[in-house]
Amino acid sequence: MSSTKYILGLFDDPDVMMHGIDKLQKNSIPIYDVYTPMPIHGIDAKLGVKESRLGYAAFMFGCLGGTVIFSIIYYCLVHDWPMNIGGKPYFAIPDFVPATFEWTVLFTAFGMAFTFFYATHLFPGRAPRVMDLRATDDRFVIAIDAKGNVSHEDITNILKEAGAVEVKHNTRKYVSYE
Amino acid sequence: MASHKESIIREPLITGENITYAKITTDVLSPVENAPNKAWWIGFIVSALGALLWVFAVSWTFWFGIGSWGLNKTVGWAWDITGFVWWVGIGHAGTLISAILLLFRQNWRNSINRSAEAMTIFAVICAATYVVSHMGRPWLAYWPLPLPNQFGLWVNFNSPLVWDVFAISTYFSVSLVFWYIGLLPDIASIRDRATGLRRRIYSICSFGWTGSVKTWQRFETVSLILAGVSTPLVLSVHTIVSMDFATSLEPGWHTTIFPPYFVAGAIFSGFAMVQTLLLVTRKVLGLENYITMFHIESMNKIILVTGSIVGVAYLTEFFIAYYSGGEYEQYTFLNRFTGPFWWAGCMMYGCNILMTQVMWFKKIRTNIAMAWVLSIIVNIGMWFERFVIIVTSLHRDFIPSSWAMFYPTWVDVSVFIGSIGLFFTLFLLFLRVLPSIAMAEVKLLLKSSSEQAKKKQIEEGHLDPVQVQYYKDSLIPYDTVDLEKYENA
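From first to last, the protein sequence lines stand for chains W and P. The letter at position 8 of the first sequence is residue -6 when you use the numbering used here, and the numbering goes up by one with no holes. The letter at position 274 of the second sequence is residue 277 when you use the numbering used here, and the numbering goes up by one with no holes.
FYI, nobody ran anything at the bench for these hints, they're computed from the structure. Given the structure is predicted, the values throughout are model-derived calculations rather than measurements. Be a bit skeptical, because a hint or two may be false.
[As the list claims (entries may be wrong)] Coverage of chain W stretches by chain P, computed from C-beta distances (three or more under 8 Å per stretch; other residues unrestricted):
| id | segment |
| --- | --- |
| 1 | 39 to 53 |
| 2 | 97 to 110 |
| 3 | 118 to 126 |
Built from N, CA and C at the ideal position, the CB exists for glycine as well.
Let the hints inform the model, and build the full structure from the sequences given.
This is how it looks when you write it as structure tokens:
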């Protein structure tokens, strides 16, 4: 039994890699993940990754931020200690707009950023689960779980035919635990 | 997708031959991965001395109080608020480049956004220090926050000064988040090339970034939404800064034109500072292939447009002062030329309006030395604009018996010069430890918008020769393009 855990196809061109994905999928070889040094549009659709819902989170956080600061201002200036400034209304909504706007943006940005970090498991000190060190430099890496039914040789051949500059048989999932 | 061919009539955003993805990484990371050169050390030592001067002058201010500045009863705001508004204004270009130009899909932003955003953050730090030090009692700096206290009082949310606290703090922290999220993939690139302790440090900073499909997809969503919320944010910040003045009854300040006028001025001065820094950075760090003549000219065009908007605002102010019939208002504007601070007025109008109008000429826009000199002139002019608005308005307003002059003390001057030192210290450190160009975003352009991709298109033929000629002509001003290659092509 082979000790290979993951087979990596390394490409040096994003378009060639995209054709590689097509080719693997035509041969019904499931792709574990793809690692690229830059965002490549269209991979998510090919791999069936659902559209991100972070926008909804951002909207909810924005609503929360606006509501929180507007409530604080209302409590301070209208409810708790109304100040008579030349007989003008205490509940001076236009004056409350700037601070409300700022906190709407603040909560949107931070709420969304932390949701992104949480959902993607990004935090300072997390061990980077890197399969190939050049995936953040100049290699576009398709990772295939070697446990599948297709023989490793076939996978290697398909990747090579698709234009992979290198095919790796890794016995460990990640290289970055050293 | 990366394979789309771009129209030949667009200028290249990456010049040079044999640029590969690996070469982009190596070129951009060379200042991070190698020992700094002499130019960096000289710059750093000078800036660090400036920063030390700042520490000394600010400590002096804290120890002896605001009395060590040249303020008096008539001119209660002077170099401190001038410096504050100047730095906040400079801080506007970064977010403009990263957010507004992203929404408009301006690809040339990709190679300048990183350092412009860093510049934003450092400029806002400088501005924030002014806010704290001008309070007089900096240990009470938390008072503008609506915290429960023993007086049972709340802050006044009707006041632009309180809005400003919210605006600046939000702007700073959101810019920081935007910048850092953009940095994650590039920090991961450094991490994967480093060894030992460096790798460990960059590993912690990279948050475990891998570049998997889902990460990139979410990253792009986050960038787009952050750009969307930062765009109104950046406009709101200087609007609110202008309201610090506009909502008062002071002649020269009490005008409804202030918000758009200040926002245009902020973008104007911010781009000038980006130009000042990047023209030097590209040369010293050898990044001429990534920050090309197209970037320089585009920034000059923005400087010209915003400078002209500022010019229109100046004219409007003068006209309205005349048209309003208010004699205090009229005197304030006459006083800018006829009063004792006439030279400051001349610096303001001369540097900002007269000098930048020469950028209508393409020869000047594409001349690197001229662009650099003009950017410095704009920086100076915009400092004087704030000085004129603040000091020249305050020193002679309603009652002639309370008219006074303002003379800065050595502390005023040292805090200002020191803040420039602080800014450059932070910027130079940034160049040493983080990639000054967003590598992942520049790599996106390699297959479509680079000179080599365009050259390949030309060599393949099938293009309209008129368009090809237009493209070749547009390459003439480039300092990094060898035109001889195109002679026979």
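task = Check whether three or more residues of the segment 97 to 110 of chain W sit with their beta carbon closer than 8 Å to a beta carbon of chain P.
result = Per the Cβ count (10), the hint holds.
query = Checking C-beta pairs, does the segment 118 to 126 of chain W have three or more residues closer than 8 Å to chain P?
reply = holds (count 6)
inquiry  = Using a Cβ cutoff of 8 Å, are there at least 3 residues of the segment 39 to 53 of chain W near chain P, or does the coverage claim fail?
reply    = holds (count 4)
Violation of the numbered hints given earlier is absent; every hint is satisfied by the structure.
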